[in-house]
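Asker: My request is simple: use the sequences and hints to build the entire structure.
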Amino acid sequence: MFLWSGTIYGPVRSRRLGLSLGVNLLPPGCKVCTYDCPYCECGFTRGGLKTEASQTLPEREEVLRDLEAILREEPVDAITFAGNGEPTLHPDLEEILAGTVRLRDALAPRARLVMLTNGIKLRDRQVRDRVLHYLDEVEVKLDAGTEETFAQVARPTVPFDLAELEALLVELGDRVVVQSCLFTGRTSNVSEADLSGIERILTRARPRRVELYSIDRAPADEALEPVSKAFLEAFAGRLRAQGLEAVTY
1 MFLWSGTIYG
11 PVRSRRLGLS
21 LGVNLLPPGC
31 KVCTYDCPYC
41 ECGFTRGGLK
51 TEASQTLPER
61 EEVLRDLEAI
71 LREEPVDAIT
81 FAGNGEPTLH
91 PDLEEILAGT
101 VRLRDALAPR
111 ARLVMLTNGI
121 KLRDRQVRDR
131 VLHYLDEVEV
141 KLDAGTEETF
151 AQVARPTVPF
161 DLAELEALLV
171 ELGDRVVVQS
181 CLFTGRTSNV
191 SEADLSGIER
201 ILTRARPRRV
211 ELYSIDRAPA
221 DEALEPVSKA
231 FLEAFAGRLR
241 AQGLEAVTY
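Read in order, the letters of the sequence shown correspond to residues 1 to 249 in UniProt numbering.
It should be emphasised that the hints constitute simulated quantities derived from the structure, not laboratory data. Incorrect hints may have been included.
Stated by the list, open to error - Label pairs and their in silico Cβ distance ranges:
#1 R102 x Q242: 24 to 32 Å
#2 D161 x Q242: 18 to 26 Å
#3 R175 x E41: 42 to 50 Å
#4 D216 x R46: 20 to 28 Å
#5 E225 x E73: 36 to 44 Å
#6 T203 x E41: 27 to 35 Å
#7 L132 x P28: 25 to 33 Å
#8 E148 x R238: 16 to 24 Å
#9 P109 x A223: 41 to 49 Å
Quick reminder that beta carbons are idealized off the backbone N, C-alpha and C, glycines included.
Answerer: Here is the structure:
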């Protein structure tokens, strides 16, 4: 299990983003998420949003103060909202994003602002508009091509299914990037049914870019295994044949 202990971490060298400074809007040492993915490096989601620890979110002043201190010292290519779970759950998200834009413009004007999200909160048009307004890149997860696998892989802690995610991705279109983590083992999302389903959804949605990857750090479920780079490239080829930009890492 891998959890961040503070509001800001890094900069770390990202395979996708270059030198990336991470922002954790969730409690230190505690995962808070509306998904419970077995491949998650942060471990399983324990108690959802109802535990005492999950209510101890960092104050927006703390986040922005810590971010400013690092930006004054470190050059970065990206500022990435990810951390110990789902960043859109923070109640002061808009104020934090607006403050981050101000700091970025003043101290790191070339840095991109990025968010990794499962997309559930983006069903709320107000949240969606704020996120898309402030961020340069929003990366939404799609890790299943059938409802059965979605229930096993995403395991949402609130009512949400693959059909809703598909509708959201179609509506968002090229305003977002889609990330898919492919893996096998006790739970797998690489059956032909799943790959065909993911391909169908992405072909409908036409996102800005598709990013394919596999397990890198130890997953919550140790009985999962990564797929090969060759497997990722083969699936990326199928997506490219549909006119989609697809990258692997």
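Asker: Does each hint fit the structure? Answer for all of them.
Answerer: Each hint tested on the structure:
A C-beta distance of roughly 40 Å is found between R102 and Q242, which places it outside the suggested range of 24 to 32 Å. The hinted window of 18 to 26 Å between D161 and Q242 holds, with their beta carbons roughly 24 Å apart. Our hint of 42 to 50 Å for R175 and E41 is violated, since their Cβ atoms are close to 27 Å apart. At roughly 23 Å, the beta-carbon separation of D216 and R46 lies within the given 20 to 28 Å, and the hint holds.
At roughly 39 Å, the beta-carbon separation of E225 and E73 lies within the given 36 to 44 Å, and the hint holds. Checking the proposed 27 to 35 Å range against T203 and E41 shows it holds: the Cβ atoms sit about 29 Å from each other. At roughly 28 Å, the beta-carbon separation of L132 and P28 lies within the given 25 to 33 Å, and the hint holds. Take E148 and R238: their Cβ atoms lie about 21 Å apart, and the range 16 to 24 Å holds.
Distance hint for P109 and A223: a CB-CB separation of about 45 Å, consistent with the stated range 41 to 49 Å.
In the structure shown, a violation is registered for the earlier hints numbered 1 and 3, in ascending order.
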